[in-house]
Amino acid sequence: MFFGEQTYCLTDINNCYPSCEAVFDPSLKGWPVVVLSNNDGCVIARNQEAKDLGIKMGDVPHLIPDLIKQCKIFSSNYTLYGDMSDRVMNTIREFSPEVEVYSVDECFIRVNRQDTFMLYFLGSSIKERIKAVTGLPVSVGIGPTKTLAKMANKYAKKVKPIGVYVINSEDARIEALKGCEIGDVWGIGQQHAKRLIANGITTAYEFSVLNLEWVRKNMTVVGVRMHQELNGHPCLEMKETVATKQNICTSRSFGKLLETLPDMSEAVANYVATCARKLRKDGTCANMLQVFLHTNPYRTDLSQYANSKTIALPEATNSTIELAHYALALLKALYRPGYKYMKAGVIVSGLIPEHSRQEVLFPKMNHEKHSKAMKALDLLNSHFGAGSVRMASMAGHRKYALRAGMKSGHYTTKWSDIIKVSV
Amino acid sequence: MIKPPSNKNPNDATGFVSPTQDYLETRLSIDDYVIKNPNATYFGIIKQTNDDVFELHCGDVLVIERSRRPMHDNLVLVFAEGEFRMKKLRIIIDRVYLAPLGAGKVIDITGQEDTVIHGVVTYIIQKAENFCNVLR
Chain A
1 MFFGEQTYCL TDINNCYPSC EAVFDPSLKG WPVVVLSNND GCVIARNQEA KDLGIKMGDV
61 PHLIPDLIKQ CKIFSSNYTL YGDMSDRVMN TIREFSPEVE VYSVDECFIR VNRQDTFMLY
121 FLGSSIKERI KAVTGLPVSV GIGPTKTLAK MANKYAKKVK PIGVYVINSE DARIEALKGC
181 EIGDVWGIGQ QHAKRLIANG ITTAYEFSVL NLEWVRKNMT VVGVRMHQEL NGHPCLEMKE
241 TVATKQNICT SRSFGKLLET LPDMSEAVAN YVATCARKLR KDGTCANMLQ VFLHTNPYRT
301 DLSQYANSKT IALPEATNST IELAHYALAL LKALYRPGYK YMKAGVIVSG LIPEHSRQEV
361 LFPKMNHEKH SKAMKALDLL NSHFGAGSVR MASMAGHRKY ALRAGMKSGH YTTKWSDIIK
421 VSV
Chain B
424 MIKPPSNKNP NDATGFVSPT QDYLETRLSI DDYVIKNPNA TYFGIIKQTN DDVFELHCGD
484 VLVIERSRRP MHDNLVLVFA EGEFRMKKLR IIIDRVYLAP LGAGKVIDIT GQEDTVIHGV
544 VTYIIQKAEN FCNVLR
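Those sequence lines, one after another, are chains A and B.
Residue 147 in this note's numbering sits at position 147 of the first sequence, and the numbers go up by one each step.
Residues are numbered in this note's numbering as their position in the second sequence, beginning at 1, plus a constant of 423.
Extracted from the complex, chain A is given alone in its bound form (with noise of 0.2 Å):
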């Protein structure tokens, strides 16, 4: 097998939101711990012993009632993980100058290879430093290829207490891969994982011993990169840089179901705030904007409803005043009276980076103030707390609101909200 110079390594938080939640409250140890999805909706995360209880992703808390009667129930506080998240990769970011954050709870980092014991003291010095910084448990993989340290990283969570994994050796790679299922293989879709398995392929090794043109003829280019990846031969480069995105979409099922144009339009105005925000903090602008909204189509008993329009905008822009106008003008044409909505969303594409933004002939919009009111926007925002300044468009009764009955405290975020302790 092919080693190259660079080994890369994976760092994955373990059960992460359950794992951050239990920072701030560590009477949860023992407990089977849930989280639920925005509004409450289905099981997005477990712990350990929620999992041994039988509870799975995707389960609607109200048909289990017997299981969650014996968990703590979370509602998602994206808040907390996020700002967890960012001393994780933070912290990830003192031993390499190369990172790639990959999620919310993974991350890649290259560093130049050495030999195992070395490795293996990288890798738990990584997951000691991230227990001492954010009380958050980590798994740590190594290996030649990204791949390799995805499937080091999945063998390491099996081989618990150490929760580190380096493949450095033929030995320790076949080890990793025959303990791993073909389903788990990073890249393998589902419908891909069935036909290996009816072929008699069940684990990620019996798929690297397989023949690289069988591959090539019965999997896509991605099957084959895996192939590679799994026997040394790297594929996946480290992306510092992220891709520009194609567009932008926020959008939300409400709390409850909306009826009148008010209420929708408050949502959308705070939905195209939102894209107009990642628009800014990314330095891009949009060309296009599209509203959509429909009805419930599981609720068979009300009429349904559902449309979309899109419009090319008169010129880029990723000011707020500017995108709410049009948004709302949009569902203003969309909106009909009479139905219950669900939900609406919008979407901004067609992004292109803000200085390369072509100049009108008759601007309708002064851009130079926009960008200075917006400027100002974002710092008072983020100076007082999201939501600070509004448009007035935004400003209601917020009956949209996601429903989040269980939600943890910002304890990282809001003064209010920090941990109460006794003397």
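One or more of the hints may lead you astray.
Subject to a maximum C-alpha distance of 25 Å in a straight line, what follows is the list of computed DSS-like cross-link-like pairs (lysine-lysine) [said to hold, decoys possible]:
#  : chain 1 : residue 1 : chain 2 : residue 2
1  : B       : K459      : A       : K131
2  : A       : K29       : A       : K420
3  : A       : K29       : B       : K470
4  : B       : K528      : A       : K420
5  : A       : K407      : B       : K470
6  : A       : K343      : A       : K278
7  : A       : K420      : B       : K470
8  : A       : K420      : B       : K511
9  : A       : K51       : A       : K178
10 : A       : K131      : A       : K72
11 : A       : K414      : B       : K550
12 : A       : K56       : A       : K407
13 : B       : K511      : A       : K131
14 : B       : K459      : A       : K414
Hints in this document: simulated from the structure, not taken from any laboratory.
Got chain A sorted already, so can you dock chain B onto it with the hints?
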């Protein structure tokens, strides 16, 4: 901390260049003083005090550094009987104790794996008017 926009940037000045320009430093921030390791720093607030502890009041804010190695005489955060509590750590030769800040029992925690120290209290932020209430 992000400061609101200001017009006082000397680079924006017209006419003569300000002589202060070469001597600019960023204004002092209390964050820099009390937070040595931002990623490991959390805040707590005192919600209940013991009557014997004159120095502390409800509403005092605790700056907690989680990653700091707890040392003898440090104020530390532990979790006991369903709540976070601040205790004084005593390390005497090879034994480790948690002492209450007021009257009460000293507990020997040597070798007790289930007693977790959740961080070291590095600063206590207190309203000056509360401090003046202390009569001795």
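Pairwise hint evaluation, A:K131 against B:K511, where the allowed Cα distance is 25 Å at most:
holds (22 Å)
Between A:K343 and A:K278, does the CA-CA distance stay at or below 25 Å?
Holds, because 21 Å separates the two Cα atoms, which is no more than 25 Å.
Taken at face value, is the distance from the CA of A:K178 to the CA of A:K51 at most 25 Å?
Holds, at roughly 23 Å.
Has the given pair, A:K407 with B:K470, been kept, meaning a C-alpha gap of at most 25 Å?
Distance ~21 Å between A:K407 and B:K470 Cα, so the pair holds.
B:K459 and A:K131 were given as a pair; does the straight-line alpha-carbon distance stay at or below 25 Å?
Holds: B:K459 and A:K131 sit about 18 Å apart, inside 25 Å.
Against the 25 Å threshold, does the CA-CA distance of A:K414 and B:K550 hold or violate the hint?
Distance ~19 Å between A:K414 and B:K550 Cα, so the pair holds.
Please verify whether A:K420 and B:K511 have alpha carbons no more than 25 Å apart.
Since the Cα atoms of A:K420 and B:K511 sit roughly 17 Å apart, the hinted pair holds (cutoff 25 Å).
Take a quick look at whether A:K29 and A:K420 sit within 25 Å of each other, Cα to Cα.
holds (18 Å)
Starting from A:K29, check that the Cα of B:K470 is at most 25 Å away, please.
holds (23 Å)
Just to be careful, I want the Cα atoms of B:K528 and A:K420 compared with a cutoff of 25 Å; is the pair within it?
holds (22 Å)
With a cut-off of 25 Å on the C-alpha distance, tell me whether B:K459 and A:K414 pass.
Holds - the C-alpha atoms of A:K414 and B:K459 are around 20 Å apart, at most 25 Å.
Please verify whether A:K131 and A:K72 have alpha carbons no more than 25 Å apart.
holds (23 Å)
In terms of the numbered hints stated before, the structure departs from none.
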